[in-house]
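Listed in order, the protein sequences are those of chains G and C. Per my numbering, residue 1 is the first one in the first sequence, and the count goes up by one each step. Per my numbering, residue 1 is the first one in the second sequence, and the count goes up by one each step.
Keep in mind the hints are simulated off the structure, nothing from the lab. One or more of the hints may lead you astray.
Ranges of calculated distance between the beta carbons of each label pair, as one might list FRET restraints [to be verified]:
#1 G/G119 / C/W493: 55 to 63 Å
#2 G/V8 / C/K575: 42 to 50 Å
#3 G/P132 / C/S271: 24 to 32 Å
Covered stretches of chain C, as calculated for chain G (at least 3 residues, CB under 8 Å) [what the hints assert, rightly or not]:
#4 69-81
#5 226-236
#6 269-279
#7 474-484
Every residue, glycine too, gets a C-beta built ideally from N, C-alpha and C.
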Amino acid sequence: MRPVHQWVWSDVDRRLRKLLTFADVETDGGRDIVRAAEVTPDPLLRRLYLEHAIDELRHGVMFRERGAALFRARPSRGAVLFSGNPLPGGHGLDDLQIDGEPDHRLLAFLHVAEKSAAGRFAIYRQLVDDDPATREIFEQILRDEVFHMNYTYAQLARIAPQTYRRHVWHARAKRLWHRYLRVAAALAGVLGNTMLTIIYFVLLPPFAWMARRAERREPRGWTPIPSGRDDSPRSLY
Amino acid sequence: MKILGISAHYHDSAAALVVDGLPVCAVQEERLSRRKNDAGFPMHAIEWCLDRGSLDVDDLDAVVFYERSMLKFDRILTCMLRSFPSSWRSFPTAIKNTLGEKVWVRGIIASHLGVPKEKILFTDHHAAHAAAAFLPAPTHRAAILTADGVGEWATLTIGQGERRADGTSSINLHRQVRFPDSLGMLYSAFTAYLGFAVNEDEYKVMGLAAYGTPRMTEQVGKLIQRTPDGAFALAPEYFEFQTTASRSYSSKFVDLFGPARNRYDPLDLDSAEGQRFADCAASVQRVLEDILVSIAAQLKRDTGLSDLCFGGGVALNGVANARILAQSGFERLFVPPAPGDAGCALGAALYADRIYFRNPDRDIPDHPFWGPPVDAEELARAAGEDSQSVERLADAALVEYVVEDLAAGRIVGWMDGAAEFGPRALGHRSILAAPHSREMRDRLNRDIKSREEFRPFAPVVTAEAAHRYFDLPAGGARLARFMSGVFPVRREWRDRLAAVTHVDGSARVQVLERDMAPRLHALLEGYGRRTGIPVLLNTSFNVAGEPIVTRALEGYSTFRRCGIDTLVAAPTVVKKQPSSAARRLMEGTTWVSESAAGSGTV
Numbered sequence: 001m002r003p004v005h006q007w008v009w010s011d012v013d014r015r016l017r018k019l020l021t022f023a024d025v026e027t028d029g030g031r032d033i034v035r036a037a038e039v040t041p042d043p044l045l046r047r048l049y050l051e052h053a054i055d056e057l058r059h060g061v062m063f064r065e066r067g068a069a070l071f072r073a074r075p076s077r078g079a080v081l082f083s084g085n086p087l088p089g090g091h092g093l094d095d096l097q098i099d100g101e102p103d104h105r106l107l108a109f110l111h112v113a114e115k116s117a118a119g120r121f122a123i124y125r126q127l128v129d130d131d132p133a134t135r136e137i138f139e140q141i142l143r144d145e146v147f148h149m150n151y152t153y154a155q156l157a158r159i160a161p162q163t164y165r166r167h168v169w170h171a172r173a174k175r176l177w178h179r180y181l182r183v184a185a186a187l188a189g190v191l192g193n194t195m196l197t198i199i200y201f202v203l204l205p206p207f208a209w210m211a212r213r214a215e216r217r218e219p220r221g222w223t224p225i226p227s228g229r230d231d232s233p234r235s236l237y
Numbered sequence: 001m002k003i004l005g006i007s008a009h010y011h012d013s014a015a016a017l018v019v020d021g022l023p024v025c026a027v028q029e030e031r032l033s034r035r036k037n038d039a040g041f042p043m044h045a046i047e048w049c050l051d052r053g054s055l056d057v058d059d060l061d062a063v064v065f066y067e068r069s070m071l072k073f074d075r076i077l078t079c080m081l082r083s084f085p086s087s088w089r090s091f092p093t094a095i096k097n098t099l100g101e102k103v104w105v106r107g108i109i110a111s112h113l114g115v116p117k118e119k120i121l122f123t124d125h126h127a128a129h130a131a132a133a134f135l136p137a138p139t140h141r142a143a144i145l146t147a148d149g150v151g152e153w154a155t156l157t158i159g160q161g162e163r164r165a166d167g168t169s170s171i172n173l174h175r176q177v178r179f180p181d182s183l184g185m186l187y188s189a190f191t192a193y194l195g196f197a198v199n200e201d202e203y204k205v206m207g208l209a210a211y212g213t214p215r216m217t218e219q220v221g222k223l224i225q226r227t228p229d230g231a232f233a234l235a236p237e238y239f240e241f242q243t244t245a246s247r248s249y250s251s252k253f254v255d256l257f258g259p260a261r262n263r264y265d266p267l268d269l270d271s272a273e274g275q276r277f278a279d280c281a282a283s284v285q286r287v288l289e290d291i292l293v294s295i296a297a298q299l300k301r302d303t304g305l306s307d308l309c310f311g312g313g314v315a316l317n318g319v320a321n322a323r324i325l326a327q328s329g330f331e332r333l334f335v336p337p338a339p340g341d342a343g344c345a346l347g348a349a350l351y352a353d354r355i356y357f358r359n360p361d362r363d364i365p366d367h368p369f370w371g372p373p374v375d376a377e378e379l380a381r382a383a384g385e386d387s388q389s390v391e392r393l394a395d396a397a398l399v400e401y402v403v404e405d406l407a408a409g410r411i412v413g414w415m416d417g418a419a420e421f422g423p424r425a426l427g428h429r430s431i432l433a434a435p436h437s438r439e440m441r442d443r444l445n446r447d448i449k450s451r452e453e454f455r456p457f458a459p460v461v462t463a464e465a466a467h468r469y470f471d472l473p474a475g476g477a478r479l480a481r482f483m484s485g486v487f488p489v490r491r492e493w494r495d496r497l498a499a500v501t502h503v504d505g506s507a508r509v510q511v512l513e514r515d516m517a518p519r520l521h522a523l524l525e526g527y528g529r530r531t532g533i534p535v536l537l538n539t540s541f542n543v544a545g546e547p548i549v550t551r552a553l554e555g556y557s558t559f560r561r562c563g564i565d566t567l568v569a570a571p572t573v574v575k576k577q578p579s580s581a582a583r584r585l586m587e588g589t590t591w592v593s594e595s596a597a598g599s600g601t602v
């Protein structure tokens, strides 16, 4: 994956898009961990989750501010920056339902996610040697990630001393499964869009012509609402 | 009868329960799921409502959804067809969104709740808005105005409602303005243009408008023209919201107003560019107000009634509301605490009760506190476990304690009783502070809210003292009951109320009567005795990007993460201590390898 990362980070627009995406992912992840702190019955975990969440929210701010600074310094400010979905990445908790999730499962998930993120951030740090401010952010975040990896694993071992290894493997397998689901959903999305686009151009033109004709006859301004309009409470129309 | 109302699938989902004609509870999904503006099917909210009402699904007589989804699909498809072929990009997404889930709402409700389909009913979107505005209002006959982005086809409706002595009720909406002509969409297009989030940050445009001069009303006038019958029509070439969900305004719009603001650019109001954006905001605000005032004045002439009930998301615009009250000729203006789509859950349930089932009219308690209660013991336990300073105080002592804190410049997180239904913190989930200095405003912005400097904070004042500090017209105190109007701070008090006085000398004040929130009222009186001014700064109890807190633990986690000094859930008071030792404890350990962790290294 290193050539892909290199390609992403070598361009200013892609770099700042990535930073802004990270900002959103870290912030969302931070909020999810806040929720975890609110629902856990374990006082020590609550304190650690809160510390963790504060870190993640701070990372979000750091990424956002750096992205905004790069945006302001960007030579081609008039050009479109976000023409579609931002680049994927980060390690947010977008797939995780916090409420009802037992702590051991959440800790295993967090541990695996943090470890994976730390590995990627270490690579990104090397790839932004030409940009000391961004490099400094990755360094700071990597220091936090060590704490996050450490506490999640240690706490997992504390609350599930017999089964913690199994939980970690289960979290890894689940992560892989979610990746597969994401790819499958993206593929299905492309197929669905293609089919609907074909339908749009093949089936819709006569209806479009009729709709335009009808539109020309439609009055602007006030339209009376027929009395008895709401007499059919079971109607979806 | 037991009726559950639901709003969902667009933004701000909610559920509300009405039993024997009276609301029992109502809550937005975001307050329970903790995802801001959660638009998903409100399962958490429904479950909580049923729990609160001690009901099973089988006990419900009806479940009412707040709009007619097929009619909405008809509008989406028609707009796609009308803009053929330029809508080809958005067509697949729009079709997948609507056909994927939203149109099958009857089946969704039936499968989620397990209710028979015969019990599932629907109202028109604007009928639900109208019911939410009229039926809980303390009036028996009123004109009704609803305005939002769009429901099914309607974007604005007018009519009138009546609650008769024989117990029957009627809501008759006579006329509508149809999509794409929409005041809400016009305002949202400017919200997007100014770099804010659509359907969320419209109030920022209103706040920004005070910094500008409406010198671009002529340009805005090209976007929206008055029709000969007194309504309005948008010029479609300036907008794209009718064909795509990804962009609200067209390149022609940009040609007219200049380059749009990027949301990552700071808004510097001292720069020419920043001033241009403020002027844009002021101009669209002025045009919106002018149109609303003229429509309301016409409605007054047509109906001859003295009361107006105003619902829909546009009714959150407090500046426009104050002008409607002052200039339309209506003596009283009622805006519910949740005029937006969330409030339609309650509106739909009430509409079904009074109009579909013709149940007798009942007076609805005039307050916004229909949400989950706060558990002071839960707060005491969590704070105690974290070695925070926890005290339990009787009411009078608690008030005195908090008054001293506020007078000393401390910031207080205040949770009391049931949470508010709607977007405003009206004294049960509030952050309170002294209202006197700009430094306090800056501190709140910096340490808690992390928000733009131009945004004002709101004051809360006792009803008895409101006229002394604020220039309230006749009917103004009523409009300010749910913080729905913006009024001038009296000139002589502006320096001493600097934290809550906006740049134009106005404030979105809440006028608090004792019976609505007795404990907060006592606090205001105590603060008045201590400082001479019974006014406090009152902002919603949340941090940027998060919903307002609901339960004690959510208040506690917010308290721990930001610059709030004292947290109150009567009778529990928590004073902030230095950060916990949890992290230091963990940082004292070196990296624990996965193989070694099992041996208990912590």
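- [ ] Find the hints from earlier in the document that the structure breaks and name them by number, from lowest to highest.
- [x] 6 and 7
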